[in-house]
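Sequences listed follow chains A and B, in order. In terms of our numbering, the first sequence opens at residue -6 and continues consecutively. In terms of our numbering, the second sequence opens at residue 108 and continues consecutively.
Careful, some of the hints might be misleading.
Below, simulated DSSO-like cross-link-like pairs (lysine-lysine); rule was C-alpha separation at most 27 Å, straight line [unchecked claim]:
(1) K82(A) - K114(B)
(2) K343(B) - K289(A)
(3) K303(A) - K354(B)
(4) K290(A) - K465(B)
(5) K456(B) - K343(B)
(6) K343(B) - K303(A)
Here are some chain A residues the structure puts well away from chain B; computed CB gaps all over 10 Å [unchecked claim]:
(7) L92
(8) K126
(9) E215
Read the hints as simulated data drawn from the structure, not as lab findings. Virtual Cβ for every residue (Gly too), placed ideally from N, Cα, C.
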Amino acid sequence: MVLLLQYTLTFASVLILVALGGCFSEHSGVINLGLEGVMIMGALGGALAMRYMPTDSSAFSMLIVVLLAAALAGTVYSSLLAVACINFKADQTIVGTALNMLGTAGATVIVKAINTAANPDDVSSTIQYAGAKKAFLVNIGSFEFSWFMLVTLLLLIAAYVALYKTRFGLRLMACGEHPQAADSVGINVYKMRWAGVLISGMLGGLGGIVFITAGVSEWRFEYGVAGFGFLSLAVMIFGQWKPTRIALAALLFGLFRALSNVYAGFEFLKNLNIPSPVYNMMPYIISLVVLAFTSKKSRAPKAEGIPYDKGQR
Amino acid sequence: MKKNILKNSGVQSLLASLVCVILGLLIGYIVLLFINPDGAGEAITDVMKNFLTYSKPETQVKYLGNTLVKTAPLLMCSLSILFAYKVGLFNIGAAGQYCIGVALSLYAALAWGWSWLPCMLLAMLGGALLGAISGLLKSYCNVNEVISGIMLNWIVLYLTNMLLTQVKEDTSPYTFVLSHKNASAILPSLGLGSLFNGNQYVGLALPLSIVIAILVWVVLEKTRIGYELRATGNNKNAAKYCGMAEKRNIIMTLAISGMLAGLGAAMLYLTGYEQWQCSTSSVPGMGFNGIAAAFLGGLNPIGAILASFFIQHITAGGAYVDKSMYCAQISDLISSIIIYLCGFVLFMKYAMNTAIAKREEKAALKEKERAQTPEVSDNGKGGDQ
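Here chain A stands alone, though its shape is the one from the complex:
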């Protein structure tokens, strides 16, 4: 039971972070379908930081450096989306998809190059971080508390405040609802959209590092992040683009994802004799069903997905 709670909270953290990322980007008017790729790049940044940090560095500095590396990698990577979609008015779906593919391919190439350079016989795309990972964990009884959960909670509160209680957040949302109106009162729509996409990159990158440290101590970058970027978008839609609801939706999805890791620990679930792939499918099936019921009265930002053109009426 404790294990289930632990995994639920971990996966919920991932989903909250990435869905909030999507939320910022979409509120500014850009659909960030490349979150999957952003997560991979963030994960790569964090994993490399763990690999190259001296093993005797303190837990606190390890945590900070890894978080910064992941956030930075995600932010830089998402600027590829921003420049294409905001300045060059490219199709956001194509560019997002390209970034997802580029994320997996790029991360694999980079990790393999590093591994092969270190040892010519090593052609794997795996980074190990068993030792470094301990810095993030505190055992409370049998519950493995991860500092990432606290970071997520803080960022969730920060996101709520930033979106609804600051001038920046309200302006950001105006750019996603009616950019022409926002422009007419002197808001620079391009700048706001850049800000939205970069914030989504930062949060997506953080989500990536939380994801690959959840339960495992090495990651094969060829695998990507198993559709978690898209699950997060489903969470965001289910959460109606509102941080608090996103958090609740993420807990629900996190629970189903966690079940596939720990179902064997429950006597009654084990007795049902459901094959394990079914548990693997669960989060995706649930998200489809949930989306089918909630998308009808969608509260999506009105101007999302439409490139802003100053000259257009």
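Based on the hints, put chain B in the right spot on chain A.
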């Protein structure tokens, strides 16, 4: 006035695609330089040469055959993406529709011993059904087809592994070899194999895929239904206002699109070229490479034929790079960069058109000036007399 060849939209697409390819290869080369400057030049030529790496022409032809065997399914996936995109839908679910095609065609062939034609039809049906689910969700529940497509991709991947585990070898994670278990399920070769130095995998799939590409073009451009579908893609509400059944059109589009992807799977797996690995942990890349091929081909079915060959050519070429320095994924990297650059095609065309318009304006202005000046002097002369 002479018509500027650059104004032709087809020429513009071709130019834009070439720019994407060249830039993609260039960036790939730079990445290789960063990894290890010693062999970068050799590696990028390996990627571009693919089967030409072999010195003997017979071997070259044989490996060209192998590339073509995988070009056919890629072309089908790219047609699937292209068809949906023309109707304003981004069918990223093509990867899953391809996957279900693999599952059904292989299962029918190996477990039930069906011959190739019914296997192929079943794969098409499976893809169509999966596409229709996305379509239903889109038209009746307003679910974004990209997100439902991705979810279905993962669901189908696990289903495929589950289903095909029942027809796999006991000692390996691979499905039974098709030619041993059920030779009647293998696509007829039509004697094409002998053209490729006895490559038994080349056969019906290749001509069939090209015929379907032409068919897709005809349907989209020359028929009423194609016009209706494209109109729905351009403006859903306008199409509805004109009395077109926009919901039905969306569902039908995604079903046809899924059918194409499912057929693509049958075209590869019913040749026996590949077996399915039942522990596959990510959705097959064919559907995603199809996106690259569709956009690189300028969203034109005929362009897609060339683009599919190119993408498959460099994907296969990745296998030839020196593995002690680089990895095969460098070709995935290049194709994903190409897709990214394809996002800029609209801008490139816009830039070309503005440049042409500017030049024409200047020329017209000059012409006008030249026409006016002699007129004035003529008048002056007239006044003198």
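To see whether the hints hold, each was checked on the structure:
Straight-line distance between C-alpha atoms of K82(A) and K114(B) comes to about 21 Å, which keeps the hinted pair within the 27 Å bound. Taking the CA atoms of K343(B) and K289(A), the gap is about 17 Å. The hint holds against a cut of 27 Å. Restraint check: the Cα-Cα separation between K303(A) and K354(B) comes to about 33 Å, which exceeds 27 Å; the hinted pair is violated. Only pairs whose Cα atoms come within 27 Å are accepted, and K290(A) paired with K465(B) is rejected, the gap being roughly 47 Å.
Proposed proximity of K456(B) and K343(B) is supported: the alpha carbons are some 25 Å apart, at most 27 Å. Between K343(B) and K303(A), the direct Cα distance comes to roughly 25 Å. Compliance with the 27 Å bound is thereby established for this hinted pair. Remark: the non-interface label on L92(A) conflicts with the geometry, its nearest Cβ contact in chain B lying 7 Å away (cut-off 10 Å). Listed as outside the interface, K126(A) is consistent with that label: its C-beta sits roughly 22 Å from the nearest C-beta of chain B, beyond the 10 Å cut-off.
Not every Cβ of chain B is farther than 10 Å from the Cβ of E215(A); the closest lies at roughly 8 Å, contradicting the non-interface assignment.
Comparing the model with each earlier hint shows violations of hints 3, 4, 7 and 9; every other hint is respected.
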